Amino acid sequence: MLSFDFLNSLAGLITPISLLIAVLGVALGIVLGALPGVSSTMALAILLPVTFTMDQSNAILFLMTIFVSSVFGGSVSAILINIPGTPAAIVTQFDGYPMSRSGRPGEALAYALFSSTAGGLLGLLILSMAAPLLVSVALEFKSPEFTMIAAFGLVLLAFSSSGSTIKGIIVGAIGLICGMVGFDMMTDVERFTFGGSALQSGIDVVPLTVGLFGLAEVLKNVADRSNKNISIPKITRILPPLKKLLSTWKVMIRGSVAGVFVGAIPAAGSAVAVAIAYANEVKLSKTPEKFGTGCAEGIVAPEAANSAGVGGSLIPMMTLGIPGDTITAVLMGALLVHGLRPGPMLFTSNPEFVTGVYAALFIALILTFIVGLLSLRWMAAVMRIPTRVMMVLIALLCIIGAFSIRSNIVDVYVMISFGCLGYIMNLLKIPVAPLAFGLILGPMLEENLRRTLMISRGSWEVFIDRPIALGLLVAIVLFILAPFIKPLIRRIRFSMA
Amino acid sequence: MVKLDSNEGNTQKHASSMKRSECFLDLWAGFFFILIAGIGWYSHIINERLATALIMGGDPGPAFLAKITLWIITLGGVGYLLKGSRCLSEIRLNIFLQEIAKHKVSFSFATSIGLLVVLVPITGFTVSAFLFSFLWLLWLSLGAGISRKGAILFSGAVSVAICIFLYIVFFYLLNIKLYG
Chain A
1 MLSFDFLNSL AGLITPISLL IAVLGVALGI VLGALPGVSS TMALAILLPV TFTMDQSNAI
61 LFLMTIFVSS VFGGSVSAIL INIPGTPAAI VTQFDGYPMS RSGRPGEALA YALFSSTAGG
121 LLGLLILSMA APLLVSVALE FKSPEFTMIA AFGLVLLAFS SSGSTIKGII VGAIGLICGM
181 VGFDMMTDVE RFTFGGSALQ SGIDVVPLTV GLFGLAEVLK NVADRSNKNI SIPKITRILP
241 PLKKLLSTWK VMIRGSVAGV FVGAIPAAGS AVAVAIAYAN EVKLSKTPEK FGTGCAEGIV
301 APEAANSAGV GGSLIPMMTL GIPGDTITAV LMGALLVHGL RPGPMLFTSN PEFVTGVYAA
361 LFIALILTFI VGLLSLRWMA AVMRIPTRVM MVLIALLCII GAFSIRSNIV DVYVMISFGC
421 LGYIMNLLKI PVAPLAFGLI LGPMLEENLR RTLMISRGSW EVFIDRPIAL GLLVAIVLFI
481 LAPFIKPLIR RIRFSMA
Chain B
1001 MVKLDSNEGN TQKHASSMKR SECFLDLWAG FFFILIAGIG WYSHIINERL ATALIMGGDP
1061 GPAFLAKITL WIITLGGVGY LLKGSRCLSE IRLNIFLQEI AKHKVSFSFA TSIGLLVVLV
1121 PITGFTVSAF LFSFLWLLWL SLGAGISRKG AILFSGAVSV AICIFLYIVF FYLLNIKLYG
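Chain order of the listed sequences is A and B.
So in this note's numbering, spot 105 of the first sequence is number 105, and the numbers just go up one at a time.
So in this note's numbering, spot 170 of the second sequence is number 1170, and the numbers just go up one at a time.
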C-alpha cells in the first residue's frame, strides 16, 4: 500500500516543472552548502520564500533538494580547501583533504558523492519503515502526552545544544515567550505586544529563523575583510576504480546505520553521527594508522552517516512534530507556512503529504547524485566566489525572505532584531537554536497543557496517572538536574577516593 | 624538570585565563537574560487585560505559562549574574568600550540593513539594494587590498548583477511586493 502510494507520489513529482524546480534546488543547495559560512540551515532559511508561490508538493520537493544537496555541498569545501561548508562535514576533511592534496580531489569528491547517496537512500528506507511504527504509538497520545513530549523535546534540545544546558533552557524559555507574542488563541487576550498593533499577529517562525541562522552568520563573517588566497586543486580524474569503490560497501552501511539512528535522536544531530561513524571505522579497521592520511573509508563513513542523518532527523519531526535539529526546525517552519503541521495526525489526515515527503527525498537524493557527478569538475569554481559578495547577497535575501512571508515590513525589523540578538548570543556563547525550538514547540506545549488542565478541571495528577506522561516527566526532571548531579557525583567519588 | 615546571605554569595560567573568561561570559549572560526578562515583565505588567485575565474552569489562563517562563528567565539571569559577580570588580569602562568597538563593522552592517528598509518606501527596493551592496562591497573590497579603481568597477558590476538577479527572481517570477 505504502509502495503504491509512494510510486503515485513519485509519478506526481516527475513532471517537467517539478524536475526543473528540483534541479534548481540541487544546484543552489550544492553551491550554498559548499560555501564556507553558509550552513544547510541558512541555505534553507534564505531560500524559503522561493517556495511561497509553489504548490505544496513542489515546495516540499524544493526544500528537500536544498536540504539533501547542501549536506553533500558541505563536504566539497572540506575536501578541496580544508574548510567544512557545514559543521557536519568537519570529519570528512580528515581524510578528504589529504586525498585531495595527494592529487586525487575528484576521486575524494566521488567517494563523498557515492556514499552520500547510498547513505541517504538507506536513511529514507529506514524512515519509511520506522515512521509508521512510531506513529501507531503516537496516535494513542492525548493532550497530557503531547504536553510532556513538547516539554521533553524542548529540554532535550536545550540539553544537547552547544554550551551550557541551563543557558539552553533559559533561551528555550525566551523562545516560548516569542511564541506567545500576539493574541492568545483561547481567550483573545493580547500578550507581549507592548500595546501596539505591530506585533499583534505574532512572531512568525520564518523571520526569526532567517535572522538567527542567516543574518547572524552574515554579521559574524562580514567583519572579516581579509582577502584569503586559497589554493584550489584542479580536478582531473573523477571516478575511483569501481572495485575500490564497491569494496567500501560495508563501511557505507555501517556509516548509514549510525547516521540514521543518531540522527533520529532529537538534538543529537549529524555532527555527532559523523563523529561516531568515523570513530567506529577507525576502531574496526585493520589499518587504523591510515585514517587521517587520505583513506577512502575515512570519507565514506562520515559522508554516508551525514546523508543518512537526513532521513533520521525527519523521524521525530514527522511522527511527533518535534524538530530534531536546527535544519528540521527551519523545515518545520516552512511546512507550517504551507499549512502543514507535522505530527502523527498528519499520517491519518494527510497521508499524501507523508508519501510526498518520501518521494521528494528520493528525487532529491537521485538528482544530487546526477547533478553532483556531472558538475564535479566545476565544483572548484564555487570556491572562487568571494565571501563578501555572498554575504551582501545573503543579507538582501534575508530581507526579501522575511518580508515575503506576510508582505509585512514589521517582519523585516523582527528579522534584523533576531539577527543582532543571535550575533550577541554567539559572542556570549549562549546557544541560539533553543530560541527557534521554543517558538515552534511553545504553542504545542501551551495548547496541550491548558487543554489537559481544562479536561482534568485543574488537576495536575493527570500527568502522574498516565504512564507515558509520567515517564517523560521523570526524564525531563533528570535532564534538568543532570548539570547539577554530574559535579555532585564527581565530588562524592573524589572524596571517597 | 625545568621544562615540566614551565609547562605546569603555562597550564595553570591557561586554566586561570579560561576561568576568568568563563566568569565574564556568565556575568554578561546574566545581564543579557535580566534585560530580556525585564522587557518581558514590562510588557506583561502594562497589559491590564492579561494581568486581570481570569482562570476559567481548569484553564490556568493566558498569563500562566507566560509568568512561569518569565520567572525561569529572571531566576536564570540572577543565577548567572551571581555566578559571574566575582568579575564585577574587574570591569573597566575603557576595556568594555574597546570590546564593543571590535564589533563595529557587524553592527554598522546591521544598522545599514535597517536604513535600507527605511529607504525602500522612498527610493524603491532596487535602488536601496544597489546602494547597500555597492557601498558595502566597495568598503570590503578596499579592505581586501584591491585598488580603488578595481574595487569601484568590481562593486558596481556585482551590485548591478545582484539587483538584476533579485529583480528577475523575486519581482518578475515570484511577484513579491517589496518592490511596489
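Keep in mind that a hint or two might mislead.
Claimed, not checked - List time: in silico DSBU-like cross-link candidates among lysine-lysine, alpha-carbon distance up to 30 Å:
{"#": "1", "chain 1": "A", "residue 1": "220", "chain 2": "B", "residue 2": "1067"}
{"#": "2", "chain 1": "A", "residue 1": "486", "chain 2": "A", "residue 2": "283"}
{"#": "3", "chain 1": "A", "residue 1": "486", "chain 2": "B", "residue 2": "1083"}
{"#": "4", "chain 1": "B", "residue 1": "1149", "chain 2": "A", "residue 2": "220"}
{"#": "5", "chain 1": "A", "residue 1": "286", "chain 2": "B", "residue 2": "1102"}
{"#": "6", "chain 1": "A", "residue 1": "234", "chain 2": "A", "residue 2": "290"}
{"#": "7", "chain 1": "A", "residue 1": "244", "chain 2": "A", "residue 2": "286"}
{"#": "8", "chain 1": "B", "residue 1": "1149", "chain 2": "A", "residue 2": "429"}
{"#": "9", "chain 1": "A", "residue 1": "429", "chain 2": "B", "residue 2": "1067"}
{"#": "10", "chain 1": "A", "residue 1": "486", "chain 2": "A", "residue 2": "429"}
{"#": "11", "chain 1": "A", "residue 1": "250", "chain 2": "A", "residue 2": "220"}
{"#": "12", "chain 1": "A", "residue 1": "290", "chain 2": "A", "residue 2": "243"}
{"#": "13", "chain 1": "B", "residue 1": "1104", "chain 2": "A", "residue 2": "283"}
{"#": "14", "chain 1": "A", "residue 1": "429", "chain 2": "B", "residue 2": "1083"}
{"#": "15", "chain 1": "A", "residue 1": "142", "chain 2": "B", "residue 2": "1083"}
{"#": "16", "chain 1": "A", "residue 1": "220", "chain 2": "B", "residue 2": "1104"}
These are calculated hints, taken from the structure and not from any lab test.
No experiment lies behind these values; they were computed from the predicted model shown.
Structure-based check of each hint:
1. A:220 x B:1067: Status violated; Cα separation ~34 Å.
2. A:486 x A:283: It holds: about 28 Å lies between the C-alpha atoms, which stays within 30 Å.
3. A:486 x B:1083: holds, 18 Å
4. B:1149 x A:220: Distance of about 28 Å is within 30 Å: holds.
5. A:286 x B:1102: Outside the cut-off at roughly 50 Å; violated.
6. A:234 x A:290: Distance of about 24 Å is within 30 Å: holds.
7. A:244 x A:286: Since the Cα atoms of residue 244 of chain A and residue 286 of chain A sit roughly 17 Å apart, the hinted pair holds (cutoff 30 Å).
8. B:1149 x A:429: violated, 40 Å
9. A:429 x B:1067: holds, 26 Å
10. A:486 x A:429: holds, 21 Å
11. A:250 x A:220: Status violated; Cα separation ~40 Å.
12. A:290 x A:243: OK: residue 290 of chain A and residue 243 of chain A at ~19 Å, within 30 Å.
13. B:1104 x A:283: Status violated; Cα separation ~47 Å.
14. A:429 x B:1083: holds, 15 Å
15. A:142 x B:1083: Status violated; Cα separation ~41 Å.
16. A:220 x B:1104: Within the cut-off at roughly 11 Å; holds.
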